[in-house]
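Undergrad: Protein sequences appear in the order of chains A and B.
Counting in the numbering used here, the first sequence runs from 1 upward without gaps.
Counting in the numbering used here, the second sequence runs from 1 upward without gaps.
You may find that some hints are simply not true.
Claimed, not checked - Covered by chain A, per the in silico footprint, the following chain B stretches (three or more residues, Cβ under 8 Å): (1) 73–86; (2) 109–116; (3) 136–150; (4) 175–183.
Unchecked claim - One side only, chain A facing chain B, incomplete, derived with CB under 7 Å: (5) M1; (6) S2; (7) Y4; (8) R11; (9) A15; (10) P223; (11) G225; (12) E304; (13) I307; (14) M311; (15) A313; (16) L317; (17) N389; (18) A391; (19) V396.
Derived by calculation from the structure, the hints in this document are not laboratory data.
Every residue, glycine too, gets a C-beta built ideally from N, C-alpha and C.
Chain residues, written in single-letter form:
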Amino acid sequence: MSPYAVKLAIRHLFAHPGQTALLMAGVALGVSVFIFMSALIGGLANLLTLRTVGSIPHIVLERPDRDPAILQVGGSAQVVLQKDLSRREQIAIWQPAIPIIENTGGVIAVSPQIRGSAFVERGQAIAPVGVIGVMPGKLSAIADIDGAIVDGSSSLPADGILIGSRLARDLGLRVGQVVRLSSDRGRARSFRIGGIFTLGIASADRQAVYMNFTAARALFDLPTGISRIEIKVRPATAAPRIAERLRQSTGLKATAWTEDNSQLFEGLDAQARTGTIIKAFSLVTIVIGIASAMLLSIVRRQSEIGIMRAMGASKGLVVSIFVLEGTLIGLVGAVVGALAAWLALLPLPPVTEVRNGGLPIDRAQGDFLMAVLLTTLAAMLASILPARNAARIDPVEAIGQ
Amino acid sequence: MSAETIFSVSGLTKGFGEGEAGALVLKGIDLAMEAGEMAALLGPSGSGKSTLLTILGTLMRASGGRHEMLGVDLMQASDAQRTEFRSRYLGFVFQFHHLLPDLSALENVMMPAAAAAGRETLAMRQRAMELLDAVGLADRRDYRPSAMSGGQRQRAAVARALINNPVLVLADEPTGNLDRQSADQVMDLIRSINRASDTSFLISTHDEHIAAQCRRRIELLDGRIVRS
Chain A
1 MSPYAVKLAI
11 RHLFAHPGQT
21 ALLMAGVALG
31 VSVFIFMSAL
41 IGGLANLLTL
51 RTVGSIPHIV
61 LERPDRDPAI
71 LQVGGSAQVV
81 LQKDLSRREQ
91 IAIWQPAIPI
101 IENTGGVIAV
111 SPQIRGSAFV
121 ERGQAIAPVG
131 VIGVMPGKLS
141 AIADIDGAIV
151 DGSSSLPADG
161 ILIGSRLARD
171 LGLRVGQVVR
181 LSSDRGRARS
191 FRIGGIFTLG
201 IASADRQAVY
211 MNFTAARALF
221 DLPTGISRIE
231 IKVRPATAAP
241 RIAERLRQST
251 GLKATAWTED
261 NSQLFEGLDA
271 QARTGTIIKA
281 FSLVTIVIGI
291 ASAMLLSIVR
301 RQSEIGIMRA
311 MGASKGLVVS
321 IFVLEGTLIG
331 LVGAVVGALA
341 AWLALLPLPP
351 VTEVRNGGLP
361 IDRAQGDFLM
371 AVLLTTLAAM
381 LASILPARNA
391 ARIDPVEAIG
401 Q
Chain B
1 MSAETIFSVS
11 GLTKGFGEGE
21 AGALVLKGID
31 LAMEAGEMAA
41 LLGPSGSGKS
51 TLLTILGTLM
61 RASGGRHEML
71 GVDLMQASDA
81 QRTEFRSRYL
91 GFVFQFHHLL
101 PDLSALENVM
111 MPAAAAAGRE
121 TLAMRQRAME
131 LLDAVGLADR
141 RDYRPSAMSG
151 GQRQRAAVAR
161 ALINNPVLVL
171 ADEPTGNLDR
181 QSADQVMDLI
191 RSINRASDTS
201 FLISTHDEHI
211 AAQCRRRIEL
221 LDGRIVRS
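Based on the sequences and whatever the hints tell you, model everything.
TA: Structure below.
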């Protein structure tokens with residue numbers, strides 16, 4: 001690209017400032033749409049993922065299934081061992097696995113748990129609940145129970161439990177009251193309600209009961225083992241990969257959250273594709289706009305191009321002047337559009353603070369650099385064809401001699 | 001002044017279209033010019049003056065015949081070679097000034113040199129200033145063509161034709177759009193440049209007053225040279 005081509009391209013742009021500004025504004029608008037769509041689609045995906053995975057474990061480690069083995073295949077008979085139900089479904093030796101899990105890349109929280117089914121009894125009212133026995137300090141490792149407490153406190157003494165607000169409402173329970181819990185192991189004990197939480201997930205608010213790890217051991221008759229290990233990872237999307245690594249390192253059955261939420265992924269995928277289509281259309285609009293503007297500019301400058309060619313300007317020089325002109329329109333328009341989009345998105349709250357009805361826009365996913373690069377490239381490509389036409393102009397015809 | 005031949009054409013023909021609808025505009029031109037010559041090309045409209053100038057200027061290829069300049073066979077040369085040849089050895093002045101509207105007078109004069117080199121240099125700028133001074137436009141160097149009179153524009157166009165020190169300047173009705181006074185100024189300019197340098201001028205015109213200022217007359221009639 002010769003300096004003279006750069007000079008002439010810039011002169012052309014300044015020769016009709018109003019038209020140039022209008023063209024650049026069109027490009028800027030297209031780029032803003034591109035960035036807005038990227039930020040919205042990305043933010044929406046974040047919000048949905050956050051809402052879905054915020055309160056659930058990303059990976060659950062359990063004892064591997066004891067699938068009945070096939071002893072003999074073939075012939076007319078198949079001999080199969082019966083599932084072994086003589087032992088409790090538990091992770092018997094779990095302490096050595098904890099440091100291994102904690103040191104695995106991406107893992108941010110580990111919570112060994114004792115789980116079981118129980119009934120809450122108060123007078124004649126009975127409600128089935130899922131009891132989660134958590135270790136001290138691990139209460140909020142998976143779901144933010146501390147932050148969800150609406151009444152009472154989140155401390156868990158040996159005789160205390162935390163219950164969901166819907167359960168409290170159904171049974172008319174309040175903080176400080178004592179209820180009786182009967183486990184599916186035939187054991188029963190009384191507990192004092194220390195706190196009531198609202199997670200916003202109906203099943204948890206109606207059925208989850210949190211209690212002290214030691215109390216859960218007694219209630220479910222599990223002196224040494226645990227039921228499962230729940231894990232949070234970052235980023236949540238890395239869960240399947242980390243789950244596979246944990247399965248290999250611990251020998252336990254590892255289930256990533258994605259396995260139970262494939263519909264969410266399909267939805268996010270469809271949404272991302274829609275976004276890509278909209279972005280592609282905004283790029284195509286930019287290409288068409290710049291190509292037609294360049295064609296018009298070349299028609300208007302036909303005699304100038306002819307005179308330059310007659311005076312010895314090479315075809316290459318003519319091509320580079322007009323390609324540069326189109327590229328500059330794209331580049332300046334894109335930068336202005338990116339800046340405008342950035343400023344417009346600045347006052348919007350982060351995705352985590354989006355209230356109902358607000359747009360979940362994630363500025364970080366605005367793809368600003370990609371938008372500028374793609375637009376500039378598109379503008380360059382859009383001007384190549386008109387510029388080649390310009391270089392083919394016959395000087396004799398153009399000058400009208 | 002040397003008597004070196006700068007170009008020669010022989011049996012040069014140019015036809016447009018094909019078959020019965022086709023027309024032969026040049027019907028076998030034999031012509032040569034020497035360095036330092038100043039010739040008027042005369043003939044009525046449609047006699048083929050512009051076509052001949054366009055071919056001599058390598059802007060168009062002849063249909064047949066021989067076309068040589070400075071020892072180069074221009075019939076055989078590629079488009080790129082002809083473009084480079086044009087840039088190095090030829091200068092043009094047209095009936096309409098054809099200055100680029102977005103460039104100043106100085107930049108317009110520099111244009112043919114800058115387009116060939118891909119950049120504007122200090123030497124080009126100095127040469128362009130000298131030429132503008134020579135054509136009496138030193139004080140108009142920063143003016144755009146739109147701010148100049150018709151005569152000034154045409155004088156700037158003459159300066160532009162000379163920036164690459166051409167061997168031959170082809171001028172097609174250079175004073176056709178000018179009033180008598182401006183036309184005389186432009187012709188005085190061309191004559192003085194021709195006298196001061198070895199640059200040859202071939203000026204097409206149908207104005208006897210202009211032709212009278214040239215040392216040689218070449219008359220064209222219906223595609224043939226009737227006097228040279």
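Undergrad: Output the numbers, in ascending order, of every earlier hint that fails for this structure.
TA: 3, 4, 5, 10, 11, 17 and 18
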